[in-house]
Each structure stands twice: as structure tokens, then as C-alpha cells.
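2 protein chains.
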Amino acid sequence: MPEPSELMSLCKRRGFVWPSYEIYGGVAGMFDYGPLGCVMKDNIIKIWRSIYKGREGFIEIDSETVNPIPVFKASGHVDEFSDLITYCEECREPFRADHLAEGLHDNPDTLTAKDIDIILRKNDVVCPECGGRLGNAEEFNLMFKTSIGPGSSRVGFLRPETAQGIFVNYLNLYRYNREKLPLGVIQTGRGYRNEIAPRQGMIRMREFNMMEVELFVDPDDKDWVRFHEIENEYMTLIPQDGKEITVTVGDSVKQGIIANRVLAYFVYTTQQFMMSLGLDPERMRFRQHLSDEMAHYAADCWDAEALLSYGWTEITGIADRGCWDLSRHAEFSGSDLTHFRKFGEPREIEKDVLKAKHKALGPKFKEKAKMIVTAIESKLPEDVKNNSLTIDVDGEAITLGEEFFEVASIKEKISGERVTPHVIEPSHGLDRIFYTILEHAYSYDEKDDYVTLRLKPNVAPVKAGVFPLMDKDGLDVLAFSIYESLRKSGIEAYYDTSGAIGRRYARMDEIGTPWCITVDYGSVEEGEHKGTVTLRDRDTREQKRIKASEAGKIISEMLSGKTF
Amino acid sequence: MPEPSELMSLCKRRGFVWPSYEIYGGVAGMFDYGPLGCVMKDNIIKIWRSIYKGREGFIEIDSETVNPIPVFKASGHVDEFSDLITYCEECREPFRADHLAEGLHDNPDTLTAKDIDIILRKNDVVCPECGGRLGNAEEFNLMFKTSIGPGSSRVGFLRPETAQGIFVNYLNLYRYNREKLPLGVIQTGRGYRNEIAPRQGMIRMREFNMMEVELFVDPDDKDWVRFHEIENEYMTLIPQDGKEITVTVGDSVKQGIIANRVLAYFVYTTQQFMMSLGLDPERMRFRQHLSDEMAHYAADCWDAEALLSYGWTEITGIADRGCWDLSRHAEFSGSDLTHFRKFGEPREIEKDVLKAKHKALGPKFKEKAKMIVTAIESKLPEDVKNNSLTIDVDGEAITLGEEFFEVASIKEKISGERVTPHVIEPSHGLDRIFYTILEHAYSYDEKDDYVTLRLKPNVAPVKAGVFPLMDKDGLDVLAFSIYESLRKSGIEAYYDTSGAIGRRYARMDEIGTPWCITVDYGSVEEGEHKGTVTLRDRDTREQKRIKASEAGKIISEMLSGKTF
Numbered sequence: 001m002p003e004p005s006e007l008m009s010l011c012k013r014r015g016f017v018w019p020s021y022e023i024y025g026g027v028a029g030m031f032d033y034g035p036l037g038c039v040m041k042d043n044i045i046k047i048w049r050s051i052y053k054g055r056e057g058f059i060e061i062d063s064e065t066v067n068p069i070p071v072f073k074a075s076g077h078v079d080e081f082s083d084l085i086t087y088c089e090e091c092r093e094p095f096r097a098d099h100l101a102e103g104l105h106d107n108p109d110t111l112t113a114k115d116i117d118i119i120l121r122k123n124d125v126v127c128p129e130c131g132g133r134l135g136n137a138e139e140f141n142l143m144f145k146t147s148i149g150p151g152s153s154r155v156g157f158l159r160p161e162t163a164q165g166i167f168v169n170y171l172n173l174y175r176y177n178r179e180k181l182p183l184g185v186i187q188t189g190r191g192y193r194n195e196i197a198p199r200q201g202m203i204r205m206r207e208f209n210m211m212e213v214e215l216f217v218d219p220d221d222k223d224w225v226r227f228h229e230i231e232n233e234y235m236t237l238i239p240q241d242g243k244e245i246t247v248t249v250g251d252s253v254k255q256g257i258i259a260n261r262v263l264a265y266f267v268y269t270t271q272q273f274m275m276s277l278g279l280d281p282e283r284m285r286f287r288q289h290l291s292d293e294m295a296h297y298a299a300d301c302w303d304a305e306a307l308l309s310y311g312w313t314e315i316t317g318i319a320d321r322g323c324w325d326l327s328r329h330a331e332f333s334g335s336d337l338t339h340f341r342k343f344g345e346p347r348e349i350e351k352d353v354l355k356a357k358h359k360a361l362g363p364k365f366k367e368k369a370k371m372i373v374t375a376i377e378s379k380l381p382e383d384v385k386n387n388s389l390t391i392d393v394d395g396e397a398i399t400l401g402e403e404f405f406e407v408a409s410i411k412e413k414i415s416g417e418r419v420t421p422h423v424i425e426p427s428h429g430l431d432r433i434f435y436t437i438l439e440h441a442y443s444y445d446e447k448d449d450y451v452t453l454r455l456k457p458n459v460a461p462v463k464a465g466v467f468p469l470m471d472k473d474g475l476d477v478l479a480f481s482i483y484e485s486l487r488k489s490g491i492e493a494y495y496d497t498s499g500a501i502g503r504r505y506a507r508m509d510e511i512g513t514p515w516c517i518t519v520d521y522g523s524v525e526e527g528e529h530k531g532t533v534t535l536r537d538r539d540t541r542e543q544k545r546i547k548a549s550e551a552g553k554i555i556s557e558m559l560s561g562k563t564f
Numbered sequence: 001m002p003e004p005s006e007l008m009s010l011c012k013r014r015g016f017v018w019p020s021y022e023i024y025g026g027v028a029g030m031f032d033y034g035p036l037g038c039v040m041k042d043n044i045i046k047i048w049r050s051i052y053k054g055r056e057g058f059i060e061i062d063s064e065t066v067n068p069i070p071v072f073k074a075s076g077h078v079d080e081f082s083d084l085i086t087y088c089e090e091c092r093e094p095f096r097a098d099h100l101a102e103g104l105h106d107n108p109d110t111l112t113a114k115d116i117d118i119i120l121r122k123n124d125v126v127c128p129e130c131g132g133r134l135g136n137a138e139e140f141n142l143m144f145k146t147s148i149g150p151g152s153s154r155v156g157f158l159r160p161e162t163a164q165g166i167f168v169n170y171l172n173l174y175r176y177n178r179e180k181l182p183l184g185v186i187q188t189g190r191g192y193r194n195e196i197a198p199r200q201g202m203i204r205m206r207e208f209n210m211m212e213v214e215l216f217v218d219p220d221d222k223d224w225v226r227f228h229e230i231e232n233e234y235m236t237l238i239p240q241d242g243k244e245i246t247v248t249v250g251d252s253v254k255q256g257i258i259a260n261r262v263l264a265y266f267v268y269t270t271q272q273f274m275m276s277l278g279l280d281p282e283r284m285r286f287r288q289h290l291s292d293e294m295a296h297y298a299a300d301c302w303d304a305e306a307l308l309s310y311g312w313t314e315i316t317g318i319a320d321r322g323c324w325d326l327s328r329h330a331e332f333s334g335s336d337l338t339h340f341r342k343f344g345e346p347r348e349i350e351k352d353v354l355k356a357k358h359k360a361l362g363p364k365f366k367e368k369a370k371m372i373v374t375a376i377e378s379k380l381p382e383d384v385k386n387n388s389l390t391i392d393v394d395g396e397a398i399t400l401g402e403e404f405f406e407v408a409s410i411k412e413k414i415s416g417e418r419v420t421p422h423v424i425e426p427s428h429g430l431d432r433i434f435y436t437i438l439e440h441a442y443s444y445d446e447k448d449d450y451v452t453l454r455l456k457p458n459v460a461p462v463k464a465g466v467f468p469l470m471d472k473d474g475l476d477v478l479a480f481s482i483y484e485s486l487r488k489s490g491i492e493a494y495y496d497t498s499g500a501i502g503r504r505y506a507r508m509d510e511i512g513t514p515w516c517i518t519v520d521y522g523s524v525e526e527g528e529h530k531g532t533v534t535l536r537d538r539d540t541r542e543q544k545r546i547k548a549s550e551a552g553k554i555i556s557e558m559l560s561g562k563t564f
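Residue numbers (our numbering), protein chains in the order written: chain A, 1 to 564; chain B, 1 to 564.
Given that identical chains are not distinguished, each listed pair holds provided it fits within a single copy or across any two copies.
Listed next, the in silico DSSO-like pairs over lysine-lysine satisfying Cα-Cα at most 30 Å (straight line):
1) K12 <-> K342
2) K547 <-> K53
3) K562 <-> K53
4) K456 <-> K553
5) K562 <-> K488
6) K366 <-> K355
What the hints contain is simulated information worked out from the structure, not anything from laboratory work.
Extracted from the complex, chain A is given alone in its bound form (with noise of 0.2 Å):
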């Protein structure tokens, strides 16, 4: 494995991912992606879309990533999106208090503050940048906070997470899809965490990239229409007792590992996408979240996590949040956020009503009766107390005694009732994925003192190479039409003139490029290979003689999976 900073700093020499703002001395859990990095984050993105809105007709949003405070109330972030910090007292830095107590305590970020504090106290933990007396941990929101508009009135948050835009936009959404469940909405973009002190390169940052599926479906009904297709096929899972097991993702439902099937056919997606990514799979594997581990919203929680020079670390999440959102944004906006789920056919239930005794109040009430008749019926049989009922009536409340209204029971046929989805959601992280890929590709052949990133070609931010042997007489105009025809049809592709050719290969081999086109003198000299140019495979370093014309059409079959 690399280390991170190997890693990062061929990230920044060949424009990956730079560090944001070095000229002004950089800001902490920030990166920029360069050239290279934006075009891989895309094809990431790309082969995310294909699997989910191709594969599954899932459809996609975007929403606003700065929100008014209502939204995050409801969804938990302004009471509990935050860590405990800790300032020294004499340097005033601050630091996770969770962090300071790594080693003393297993899951240090389960802890309450005071406990932290009790722990931080008797193990006679300093401040570590000048050993100062650490005061008392706290909670700090990880938001960022703004104000909306003039004054400082109107409260507003950079969004922790894409999915709460899916979720307020739920009735719009369910309108879309004709009111019909299951739903499927897509959404990638950015995420906000300001984090005390980010510290671990692009696994931590401050402002970072998600891909999130929120997958709306009836609680009753958390199977899935293609579940039959992948349910003997294998994952390797860390249930919450910790004992690594691999097993079907049919058994994992049957043995209760997983707690239903569409949650499990979403991880076994995962692992699919995960292997299209490239990613080793020697060196993933799916944890289930420990009960003090889940977050406030989850009913169930498999972590896709991936081994990392930084050791185990999550890559992305598959919950089911249960209706954990949707009832929480129905309770504090006021609105309906159901599904009508429609019976196969009308079904006759019984219940109880309340009905008026018209003969008791028309001679009591005369002009009024009408209204009260209706105000009555308009109630619930629990809205009697102590025998009486209460109406109100124009703005006047009437109590009425049990000789006005009486409690029937009565048959009524429905078609159907209304029920809160359940939320299943495969959460990415897009940077972790884009860094552990880098990090699983990278291959260092210390003999030649050789870097080759293996990306797989659909991965791989430059698909060709073209390179003229040399930088004249016409090898450089056949080569430089051969890279314009490529990047026009849409195939990123990376012209280079400079240094010996085995030079050029390098550099190509370093930033995973898995194909080279070279035009030699053979290319435009009279005889057998006129019009041919060489092609070379980045992994077998094996040579080919193509047709220079055959190149765009050549390397777009190679893309579509036809091998070398």
C-alpha cells in the first residue's frame, strides 16, 4: 500500500486532487479537483447513474445545498450533528475530544461529555500542542451556519447531507412517479462538515462529495423486483457479534444477518459497484453498525469499508432509515408525507362514529341544530369525555350531554390507507471512493522504481496517449489529428511530444492511462505499415499495429469491454 502522502503527492503533481487554496496558506479538509481527478470523480459518477437510473430507473435531483433551520430541526442535525471539543485553556486550541481519548476507551465517540472529561482527567491527558489543562468538552454543531438574506434573522445551514433535499421534496417527488411506491431518487453533490480538525487527507473533509440513493418503499413490502437475479451470490459480512462471515445474500436475509431483502440486494449493489470501480475486493467488506454506533435515523446499517493505508475506513453506507425522515418532516411542516397504498380491492371495515339525535336537538337547539348536527358528526367517538361532548360552533363552544349524540357502529368500504414509506439508503462517499481507488490501483515496482496506476479503463481520467516518436516530419500532424479526432468524439485523450518515448509510457503508466498510441516513421513512410500506428496496453506493455483511423472506433470498443 502507499502511504497517503506518496499517494497525495502524485495526486498533486499530476492533478488529481490539489490542496485548496496554497497560496493562501491552504485550509485544513479541503481539495480542489484538478484536471485528472475531475474528469475520474465524473466517470464515477457516470457508472453511479448507469447502475441507478439504468439498471434500476431510478430517478435524479438537485436541490439547494443551503437550507433554512426548519429542515435540519426536523431531521435531527441542529440537535445531534456534533462532535465534543475540547479547548486548551492556555493556547485556546481546540481539539475532538474523542480523539484525545483513542486508546483509552474503545469507542471514545460514543461517549457523553462528561464521561470524556472523567477519562481525559484520569489519564492525565494534556493539550498535545503546548500541554496545557484541556477544558471541558462540549458540543459543537457540525454544520456551517449562515443567514439568509439581509439581517441575521433567518438561520441557514450548508447541507451535512444531500438526501434532506430528496426527503422535502417528497410530495413532489411521489407526484412524479404517479403516487405510486417504490420510488427511487438519485442525488450527488456537495456536503458540508465543519469539522474541528480534519486531519487524514481526503477521508475527512470539510466540504466533500456524496452520491445518495433514497429509496422510498411500502414498510410492508421490503423486497425488491430483481432480488432473484443476485441471491446466490456472495458477500463478506461483519455482523454486529464481529465474526467475519461470507454468505449469499439470499442466506444473509434468511439468517436474519440483514434485516430484510431489498436492504440486502442495495449492499450486494454496492459490491457490484464497488467491483466495477476497480476496487480490490481482498480489500473490502461490509460491517454492520453496532447498536451505540447507528445513527439517530437508522433501523438497520451496513458500513462498505474499505482497507486504506489509513486502516479500515468507511467508503459508504447502506441504512434503512425507516420512516424516521419522512414522519419527522410531516410533523414539523404540518404536511401529508404518505403514500396511499391501494388494498387489491375495496375491503368493509367496521368503526365507530358519532351521530347526532336530530329529535333531541332540533326542539333544544332549533335554527342551530343544523350546524351542531354536523359538528357532531364531524368528531370522534374519543373525542367524548366524561360522557359529554365538546363542539364548537361559530366560535362558541357547547358542551352537549349523552342525550344529543351516541356512538354507532357502522360498516364503510375503503380502497386503501395511508402509510409512511420506509427509506432504504446507499449513501457514498464520493471522495473516499475516488481515493481508495487510487489507493487500490497504485502498484510500485521498486526494481524500476516504476509507479503504474491500474485503473480500470472506464475509470481511468485519460482513456488514450498519443504521442508522435517525433516531433516532425508529419509524425507529429498524423498524431496530432489522431488526438483531436479522440477528443472530439468524446474520448479523453492526452497529446505529448516531450522526452524519449519509454519517458512518455511513464508518465502515461503513473496517471493509469491504459492505452498509448505512438506514430512512428513506419506511420507515414511508404510501405507495409503506411497508416498503421502502434497501440500499447498499460498492464501487459504488449504492442499492436492498428489503422489510424481504426483508433476512436478501436478504443471505444475496448471501453465497451472487448479486450486488448
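Assemble the complex: chain A is given as a structure, and chain B must be docked to it using the hints.
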């Protein structure tokens, strides 16, 4: 032209665009892209990329949206990016002062706070909400403000433009481009502008989407390699004198209307881009900024304006930003943000340098003499003050008289010089372009009360509607398999089984779907039509039969330009 409310209601109903946070009462100036809008927005970005990356070979980056304050001190946004605000002294409602002065001055947004106060007082303008007295106008900075990390000491802003993320990465980009100019960089992503009181729907959003292009050029070489390809093409321009003219690209430069060839090339490129998006050429023009309207950084600026129901509206700005941005960031960061311009061949220059007089120094300074010689010769002639020179040797300041040094003229060969690149910037408002496409494509047939969106196929969010004539008898099975195969091959399709076929065509016409495929009984029953389906064209309503198995191929070909 449709009323904005009519079009926005279509957008909302059909899933193009939704006002954000509606269940919480909404936030002015914020919109979410629904399933159709999200795809259409992506289609616009793809076309933009095909021009700038595909045709021009520019590179793309993706930088962070939260920026630390020094970035915007340097860019001028902390001081200059503001509107004048006035609060009603009674109801405390905030207003844009220049909006209140509309009709009272030709160009109210160019006025100072003082001048606008005078105009509002003189015209007895009062609070439009309650009739109360208005307070004095003051500057309101339009950047969303936040804090990075714990404490409030590290101020951050949400970027008002993506451009600065490119400028602060100039050194990385310049190195990536092997220290060559021109260097073209594109970026798409969010921009933020904390409007005082947004109105005009998608035209003025607080959180919006941009597509920006920053082209770094040698200040002495403002030509473009492909200029000759387009110099005889026509553009409609409104220069500063306000008189509309139609002129070739070449003549616009020759006649001094547009400042230089590279700027003119990208004004024309913008026109090409707008045409390929399907905007109505009759409702497009380029208007030159008046000098008092130009942004603080611009040397020349042209707005691409579209005629909308709101009036003529800027949808893209093409500016020559000169050396403003790089000079400022160089000044504020202390970094060297220049280009090394190599001369064709080395030049000999004469220059004055300081020479030490060894003979005088030796006896006086003994073993220190050598260090003093070095110190003298690292100084410049302009460091000599009153015939003496002060140098620093090992922390000690020594002042030397003319007996110890002399000014000598020497000849030196230099291979180039450092210059600060100029920046040409086509900056596109993605949401405005999106909205303009919809307005220009909107077509309403009053007689039939029938809406058709005449979207170009490459822009349309759905390429094909797929319908079984009846939802049974195997028609549904064939139709659904066509739908799935289109979707899996990346062609956006929409499956619809509900209602009369005419109603289904109407639903597709309303969202601009260019083609519809219908499976009828002929498709599945024995006979000449077996295995075929009908293909319908949106604009001509013509229908023809095609092989079901070739639907994907035929639609792909039409997307590449083949006619129906």
C-alpha cells in the same frame, strides 16, 4: 411568449423545477431541479463541455465552494460585491434601494448610497409594504458568510463565482499545462449571491449554477488559433453607442467594436453554443457593457442577452478581465503568478549592476571581505542612496562609501521574460440559460389548448416516450422491454400506460420529448407489422413503422443529427 407563471407552473407540475423547501413555506430565490430539469441541466453542461473540452481542448477542474476570506479580499468581492439596501424604519422590511429608484433614474444600480437617498427623498418614495419612512441606503455585501472550523475567527464565504477557484489554482494549472499559454480552464458548479429580495423566478437565484471558462492568454497575443474558421460569420451586436449592428466576427475586431480577436472568437462561440441549445436567434443579441456598468475587474465585456417575458436578460457575460485577477492574487498571496514568455531566440540586454572594488575591500575588511563582495553584488544600482550603500552581513548593517563599489554596465543573454497573463472569461448563468431554453421552446396552440415544448433533441430530458397501445395482450411486455433497453443504453425514456394514446402523446409534447414509440396489436400479431412499432415525431406528428429491435439505434442516429 408564455407568462413566467404559466411556464413555472408547467415546470413544477411536470418535474422540471420546484421551488425549494415548499413544505416549510419556501425560501425566495431558491429552486430545486426535479427529474426532468436535472437531466436537461446535465444535457446543457454536456454540450458546453463538448465545445470547450472537445473542440477547444480546455481542461476542467472542480474547486470548493466555501472559501476563506483572503480569496475575496484579493478578488475585490469583500469590498465591491454589494447592493444598496434600505430598511423601512417602521416595519423593518429590507429593500434594494436601486429597485425603489427604478423609473426615477436611467441606471439606478450605478448610483451611490448618497445619490440614491437624495432621489428617493425628492420623489417621496416610502416603504412599498407599509408606507413608512425609509432609512438611509447602505452597502449590503451579497456573499453568504460563515465560519470555517470552531470559533468565529476564521471567516469564510460561499463563492459568488466559480472563477476564483480557477485563479487561486493558477500555479497548479500552469504547471499541468507544462508552463504554456494559452491555458483554457472550465468549471461548472454552484455560485451564491445572498440577494436582498429576489424576484423574477429563476433569473435571480440566491444559489445558482454556473458554467465558467477562464482562458489565460499572453497579453501580447490576443489572437486565437481557429479565428480564421469563423471570421466571416455574422453576429448581432449592440456596442456602447447603443446602435444595433450586424457584422462579421472579423469586422467586429477590425472596426474596433470588440477589443481583440480572442474575445471576439468567444463571443461568437457563445452564439454557437446558444444556437446548439435551440435558442431563438431572433430573441438573442450581444450588448457591450457601458463603462459605468462594467465589473471592477473587466477591461471589456459583452453580455449575451435573451429576450424573455421579463425583458432582455443577461444569460452569459464574455469579459476580458485583463490581468486583474492574477495581479491581485499575486499581490495578496505573495506568489509569483506569471507566465515565462520565451523569446524566439535569446536576447542580449544591457543592464547596470553593482560591482565590488576588491582592492579597497580586502585591506579594510579582511576575512569579511568575501561576504561583503557577495552582499554588494546582490544589490541593485537603485539601492545606492546618497552615494552610499547599506548592506547586511551576518545581521550587521554596514554602510559603504563609493570607494568600495561602482556601477558597471554589463551585457546579459536572457531567454525570456515574465508577464502576467490576461484572462478571457465566457461566464454562463446555467439556470438562466435553462429557463431561456424553456421560454424559447414553449409553443402554445390556443385553438386546441395544446402546449408543445420544441426542445432540441440533444437538450430534451426525455428522448423517447414508450407506450403499449393497451396495457395487456403482450403489448405491455414488448413496450416495457423496449423502454428498459433504451434506458440501459443511456437513452432517457419514459414508459406510460395510462390514458388514451393521444393524451400520452400530449404529455410527451408538453415536456419536449422529440419521439414516441407505440406498440400496437400489429407489433405482436402475425402479419406484416409483427416486430415493428410506430415512431412518432413531435414537431411534424408524422409517424412511421420501425423494427422494435432497432429503436435504440434509430434514436441514437437521430440524436447524432439524422433526420426523422
